[in-house]
Amino acid sequence: MVKKSTSHLGCFDNTSRKPISNSCPLVMTDHSQKLFETLVRHNEVALVVYLRTMVRDPGLVDDLFQETLITAWNRFDQYDQTRPLGPWLRGIAMNLARNAARKRKRDCQIYGEAMQVEVEAAIERLDDQLGFEKSDALNDCLTQLTERSRELLRRRYEENLNASMIAECMRTSAAAVRKQLQRIRASLAECVAKKMAGSAG
Amino acid sequence: MKNAKSNSNRTISQMELWIDGDEVDVCGDGKTLELGESASTAEQLVMNGVLLGHLEKPALRERRIQATLAAFERQRVSSNKATAPSPHRDSLTPHKSTNGKRRARQSIAVLTLTAAVMVVFFAWGVLSPQSAEASLRRVIAATRIPVTRVYQARIYRQFLGREYEKQATLYIRSDDLFVAEFSETTNRPRGWIGFDGNQRWLVGQDFRWSSEDESELWVEDIVDRMTSRSMHFNALLNEIPGSFELRLLPSESIEIGDETLACQPIEATPRDPQNRLEKRILIWPHPETGVVMEMHLFLKSDRPLGVRRIEFQYQREQTVPEGFFTPNHHQM
Numbered sequence: 055m056v057k058k059s060t061s062h063l064g065c066f067d068n069t070s071r072k073p074i075s076n077s078c079p080l081v082m083t084d085h086s087q088k089l090f091e092t093l094v095r096h097n098e099v100a101l102v103v104y105l106r107t108m109v110r111d112p113g114l115v116d117d118l119f120q121e122t123l124i125t126a127w128n129r130f131d132q133y134d135q136t137r138p139l140g141p142w143l144r145g146i147a148m149n150l151a152r153n154a155a156r157k158r159k160r161d162c163q164i165y166g167e168a169m170q171v172e173v174e175a176a177i178e179r180l181d182d183q184l185g186f187e188k189s190d191a192l193n194d195c196l197t198q199l200t201e202r203s204r205e206l207l208r209r210r211y212e213e214n215l216n217a218s219m220i221a222e223c224m225r226t227s228a229a230a231v232r233k234q235l236q237r238i239r240a241s242l243a244e245c246v247a248k249k250m251a252g253s254a255g
Numbered sequence: 445m446k447n448a449k450s451n452s453n454r455t456i457s458q459m460e461l462w463i464d465g466d467e468v469d470v471c472g473d474g475k476t477l478e479l480g481e482s483a484s485t486a487e488q489l490v491m492n493g494v495l496l497g498h499l500e501k502p503a504l505r506e507r508r509i510q511a512t513l514a515a516f517e518r519q520r521v522s523s524n525k526a527t528a529p530s531p532h533r534d535s536l537t538p539h540k541s542t543n544g545k546r547r548a549r550q551s552i553a554v555l556t557l558t559a560a561v562m563v564v565f566f567a568w569g570v571l572s573p574q575s576a577e578a579s580l581r582r583v584i585a586a587t588r589i590p591v592t593r594v595y596q597a598r599i600y601r602q603f604l605g606r607e608y609e610k611q612a613t614l615y616i617r618s619d620d621l622f623v624a625e626f627s628e629t630t631n632r633p634r635g636w637i638g639f640d641g642n643q644r645w646l647v648g649q650d651f652r653w654s655s656e657d658e659s660e661l662w663v664e665d666i667v668d669r670m671t672s673r674s675m676h677f678n679a680l681l682n683e684i685p686g687s688f689e690l691r692l693l694p695s696e697s698i699e700i701g702d703e704t705l706a707c708q709p710i711e712a713t714p715r716d717p718q719n720r721l722e723k724r725i726l727i728w729p730h731p732e733t734g735v736v737m738e739m740h741l742f743l744k745s746d747r748p749l750g751v752r753r754i755e756f757q758y759q760r761e762q763t764v765p766e767g768f769f770t771p772n773h774h775q776m
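Just so you know, the protein sequences line up as chains A and B, in that order. The numbering used here numbers the first residue of the first sequence as 55 and each following residue consecutively. The numbering used here numbers the first residue of the second sequence as 445 and each following residue consecutively.
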């Protein structure tokens, strides 16, 4: 049994992702700041991962994250509480990202409906497998990588260098770096899936 | 089938470029880009996001959360103000004779406020600090590539209302190595200052000094006067996020050699001006690579002939011999 960790607000069940009661106090009260903070903290990782599938500029990711959660809060009366919260938040995020794409015309990559379905499915799978907060499986998989693969990931994700910059440092071509990174990500996804399947079995 | 395969290849290539590339603008005219329906493409996009999140510094995550909470609080305060009943009796039951005048005054006030808010939003959109931070992150990432970049440095001093210029060639690599070669002037011979990763050093006419030598404060003073700290500007760039306010200025064209580049400058001003030598820093990063193309440092100085301004202009990348950043490599 895979434990799900997606609790969004105090009034949501941790395992079923359904609200405990339909009369949750999601109105502007003295506690609203606290409730909003819970909403933000519980959805931060999954929402940022989703935004990063569409938007490259980290500053724009932060702006859209902020806007998505405030919009969600303001429209909470439109949320069907019988359904999980994650996809609803991602729908808002997608619409805001589309608007940003129209305004900025760069640093964004908005895909069509078919791709959106695939990304949704991949996010759901990872959410089930990792719980996003529980990244032990990912840590294990990272330690199994070769030294060179870890070096590539460090330069790409910690130092935030792009493929051409990494290629310059590692005396190879940008295309080779991109291909290697693609393989590393695929192997990590497979490794995480295997580990989680193993622990569930 | 053959076509399908080539389409699939093109799709993957676009996705790879989007995730790890640097120059792609896949949004085009803001139209939807269909990347294909491949589950592996989706897996790549999502794993890319997971790794970005997993390897992100906790401080950055916390800053994102705090910024969101602050935005929510601002909205909450303004919404409470808007709905709070006015304690003024007239505002609840307006007097007939004054109602029209008050409405006119209110309309003017509302229009003025709306205009002011639009100006503020326009300025915020153009000069957004978030974008300036993102731009600076690219600049700092570009400094970490282990290549030696050469800059022309112009150092301006002021004395009795007149400005004096001195020139140096700066070789800088990562955030821990630099050599500045000062050209000969009528008053001074050629000289070098540098940092080799462990020690600051100076090579002058018949003279060598490094910070590991016995303390000679007067030499340290000379090294400071030779703007050692400012020449080490890759290290200075790393200090900016923690102690400076940032904003983006409107784009402008700058000339680097034969090339004209449209760069959007970043302006950094110290949060605590008392504790900083720099009064203001202007950085023109390359629009694609983030490499500093031009940088101006405005400095505090209360000494006669103190340095007031240093301007760096990018020249080229250069391969330098082994040991280039050590004092032994340089001599008159």
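In short, the hints are calculated from the structure, not lab data. Hints may be right or wrong, so weigh each one.
Claimed, not checked - Covered stretches of chain A, as calculated for chain B (at least 3 residues, CB under 8 Å): (1) 87-94; (2) 134-141; (3) 198-207; (4) 217-227; (5) 238-251.
Said to hold, decoys possible - Below, simulated DSSO-like cross-link-like pairs (lysine-lysine); rule was C-alpha separation at most 27 Å, straight line: (6) A:Lys233 <-> A:Lys248; (7) A:Lys233 <-> A:Lys249; (8) B:Lys610 <-> B:Lys501; (9) A:Lys249 <-> B:Lys610; (10) B:Lys723 <-> B:Lys744; (11) B:Lys723 <-> A:Lys88; (12) B:Lys610 <-> B:Lys723; (13) B:Lys610 <-> A:Lys233.
Quick caveat: nothing in here was measured; it's all calculated off a predicted structure. Heads up, the beta-carbon is just placed ideally off N, CA and C, and yes, glycines get one too.
Status of each hint after checking the structure:
1. 87-94: Answer holds; 4 residues pass the 8 Å Cβ test.
2. 134-141: Per the Cβ count (0), the hint is violated.
3. 198-207: violated (count 1)
4. 217-227: holds (count 5)
5. 238-251: holds (count 4)
6. A:Lys233 <-> A:Lys248: Measuring from Cα to Cα gives roughly 23 Å; hence the hint holds.
7. A:Lys233 <-> A:Lys249: holds (24 Å)
8. B:Lys610 <-> B:Lys501: violated (41 Å)
9. A:Lys249 <-> B:Lys610: violated (63 Å)
10. B:Lys723 <-> B:Lys744: holds (6 Å)
11. B:Lys723 <-> A:Lys88: Judged against 27 Å, a Cα distance of about 40 Å means the pair is violated.
12. B:Lys610 <-> B:Lys723: Satisfied, since the Cα-Cα distance of roughly 20 Å is no more than 27 Å.
13. B:Lys610 <-> A:Lys233: With a Cα-Cα distance of about 48 Å, the restraint between B:Lys610 and A:Lys233 is violated, given a limit of 27 Å.
Hint compliance for this structure: hints 2, 3, 8, 9, 11 and 13 are not met, and every other hint is.
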